[in-house]
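Since the structure of chain A is already known, use the hints to place chain B on it.
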Amino acid sequence: MTVKQIFGSMEYGPAPESAAEALAWLVDQGDRFGHFINGAFTTPGDGFESRNPATGDVLATLSQATQADVDAAVTAARRAQPRWEKLGGPGRARYLYALARLLQKHSRLFAVLETLDNGKPIRESRDIDVPLAQRHFYYHAGMAQLMETELPDRQAMGVCGQIIPWNFPLLMLAWKIAPALAMGNTVVLKPAEYTSLTALLFADICMQAGLPKGVVNIVTGDGTVGEMIVAAEVDKIAFTGSTAVGRRIRKATAGSGKALTLELGGKSPYIVFDDADLDSAVEGLVDAIWFNQGQVCCAGSRLLVQEDIADRFYTKLRQRMDGLRIGDPLDKCIDVGAVVDPVQLRSITRMVEANTAGTMYQTPGPLPETGCFYPPTLITGMEPSDPLMQDEIFGPVLVSTTFRTPSEAVSLANNTRYGLAATVWTENVNLALDIAPKLVAGVVWVNATNLFDAAAGFGGVRESGFGREGGWEGLSAYTKPTGKPRAIKQIEPLHGSGAPTDPIDRTSKLYVGGKQARPDGGYSRPVWGKSGALLGHASLANRKDVRNAVEAAQSATGWAKTTGHLRAQILYYIGENLSARAGEFAHRIDAMMGGRKGAAEVEAAIQHCFTYAAWADKFDGQAHGVPIRGVALAMKEPVGNIGVLCADEAPLLGLVAAMAPAIAMGNRVVLVGSEPYPLAAADFYQILETSDVPAGVVNILTGSHAELAKPLATHMNVNAVWSFSSTDLSGIIEAGSVTNLKRTWVNNGKTHDWTPTNARVCLDAATEVKNIWIPYGE
Amino acid sequence: MTTLTRETTAQLPQVSEPRNPGMDLDLDWVRAVQANTSAIERRAATLPGRRSVKKDWQAAWLCRAISCIDLTTLSGDDTADRVRRLCAKARQPVRADLLDALGMDGLTVGAVCVYHDMVATAVDALQGTNIPVAAVSTGFPAGLSPFHLRVAEIGESVKAGAKEIDIVISRRLVLGGDWQALYDEMRTFRDACGDAHVKAILATGELGTLRNVARASLVCMMAGADFIKTSTGKESVNATLPVSLVMIRAIRDYWQRTGYRVGYKPAGGISKAKDALVYLSLMKDELGDRWLQPDMFRFGASSLLGDIERQLEHHATGAYSAGHRHAAG
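In order, the protein sequence lines correspond to chains A and B. Be aware that the first sequence starts at 1, since it is given in the numbering used here, and climbs by one per residue. Be aware that the second sequence starts at 779, since it is given in the numbering used here, and climbs by one per residue.
If you're looking for bench data, these hints aren't it; they were derived computationally from the structure. Hints may contain errors.
Listed next, the stretches of chain B that the computed footprint assigns to chain A, with coverage defined by at least 3 CB atoms under 8 Å from CB atoms of chain A [stated by the list, open to error]:
#1 822 to 830
#2 839 to 852
#3 903 to 916
Built from N, CA and C at the ideal position, the CB exists for glycine as well.
The following block holds chain A by itself, in its conformation from the complex (with noise of 0.2 Å):
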């Protein structure tokens, strides 16, 4: 085309970033890779194609992990971990900090590499992944530096095992990289095998910087390497993925002890009231599902418009996605890249073929003939029982529904598996922060979408996963206590032949609903004391219990909304009502366990009861400093209804140690009392009954923890289950969570610390942080 011609046809044309550089590096390594293990590639071995997907050329041959490879992995982070850790905050900070420089002077290479290997638009590459990757080690070198003023009751997990996804490769690399060496780990890490090559110049740049040897390890291929690293002597798994996958590594790691953190999918709403300014909100749609052609965990990707706005709001959004481009990854004038492989092409055709509801429209205009295209797409019309309102789609199809009222908007946006994130456009302020708050998501976007910084941490609820990476809260998936707990021994039940000690009947019941209830079996227990007398008769609990106090849990959300001080007075009241009936519970104690321990330890559940009612107005969320002119909430919310295997070695305290700060957060609670010792749990509802404790907030069960852990731990309604059980549990806990990925809090069959001081371990556990992001400015 001439001059002339273009002059009056006013085309785009190419503008193409130059992909020799990087072709270049892959010349230099040899077009072959093998691992980085123990500060050095090792020779490449069998293995794969990692292809450019917009053209399909091959770029470089991969290695498959073996199991040796994966094994020398750990074992070089294992032993590199003490020095590493002993090397304190403010070194580290140094190697972080040089990271950082070293990935922004090679930015252009990350970027264009990136785009290569993974079809992203070279816009999004070098404008957002390699930056935000940039500035997670710059944020993170100050948190190393930081650890020890700041964090002093925490420390290293150890060696951590990182699966990364193809999505964000070297930017999840970060996530999961730079807080883990920050806070004193060593990892091995593996990439998608689709995408491994920005972390093998990554790994690269280790050696620029000097890292020391076996501090980071990189090792690459398919899913079977993922389940070596699972299955390895690590402390720590984190991943990022698929939710099938996630349970799946739930479900392996179960009862091994190993930390767990899980980033997975999700189906996040996007919301639009009608005084929102409409054409920002369309706009912000191409940054929620056509950006990285939509193949993002928290895209917007189910559309939700106010119903008087609907149709106006349609017609601006198909204007506006007539004017994306979809071609070459590399041209700069581009808005829509390719999909990552052809497998996910054809899942991505496949899932959007099957569907029969709404009206599709899709970006007009041919796509490129090779390579693995799909246009944008969006289809209206749709109800929230069609299967594409309910499944992740992973690439840019849009679905969406309309609402009525805010009531409904919230209603629809939580009609899902998933709580990873969601979007809401008002120009109210007081509908924002209405709303804002009651959307079940990790993340929320106020009038703006798929904003990220290291300083806010990133994660979901429900089955998006556990765990948040950024921010403060970010800390806590890679530290842990510092202190040694000690093994505990299975506490069995006394048992004796004497005579009642009161010849009246006593036979404690349930107590589920605010109300005392006998147990569905019919069944109870005798419970004798240290002396042989019996004592009286516990309940036993059976799964229908369980299912009764979880349904009395579930009715009590309310609680959830009451004020921090409300809940600080109750919990104050039950200290002073336990108080009033001291020596009674001490007694009680006694007369179960032998000894003369009763009276600390009731000083010890009024204290606690004291602490965290003193907690409960106190335990702040924070105003993270992102870089944009706005805040980024982080928001502590309770985790929703919790399921507790009660200590057995400490009946009354193991039971209030748990259940003040859950409910001084918000949660409701299933306590299972003390398994060996269940009487004072019995007592104790004559306590919560006397202390204007809200029916169905505290549920108390007793009987087997072993019968009893089981339904709680898969019942899908309950977001939580912990267990400082004597009987050895974990396992069974971990692996029944995987039913909806409830977070599980258990102790692998060690003791726990429960003096007041270890309150903030308690208090994370009871909350999730929510990060609400506001941009303003008029």
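For chain B alone, kept in the frame of chain A given last:
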């Protein structure tokens, strides 16, 4: 599932657009307008990274930018000779040898923009071309002279041969939310223009908020503006991308509801070829190709042309250019 497809019936290029007749003031519409500043700023900030034109495309786009320039001199020390020099530049904005190298011919700027006293001189100097003369009017730049004099000024400029009148609105009417008065003022100005096209200068830097910019844009279009224009060039903040986004989205809404296309003129502060390309891509992406023609889009600029000339010489020769190699305007 049903599938919607875009109607792609081939349309003949529309040579001249029907003038926007305006409409009754629709206050419900005006008051419902929203403009989310942060979101608009984000879109504006990422646009330059999303769109890029290179090589021949860049040269062609820069020529297009020239064809959309309102070459402007609005100085107290303007003289007839100064204006004649500007008009000569308007006729031949780029050196002939460079145009030859690009294969371009007949390239002129979009208009010459002067104060009333220079209209006759400019009209005379542009005889034999199709380049219209635009006059800034109505007590430019503050718009605070007596109303009847502002209206009369329009008539004088039209009589002197101006084909386009750039009026300034009364900012106080926007700041006071007196939309009816703004509408009436704009209506009166439009009527006074007769066949001359009227550009409404909003002086966006003095309107306080983007929401006000959006509302003032709509009211002026309802009152019959042919163009809406950001600024006089005399405010401390002139054309910006966020303001432009707000105004062209208002133009799009107005077009979709009424069927009439209104033109857009960013003015002040656009001095680099690169900025001009960003503005063109903004128009193309938000409004479509029809708004890349000089009857729908103008740059109000005085120094932009010089930078574009240097870029074009670089394109033609491969060597970076210098200002003195191009004729002064």
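### Query
Tell me, which hint numbers fail for this structure?
Hint 3 is the one this structure does not satisfy, whereas the remaining hints hold.
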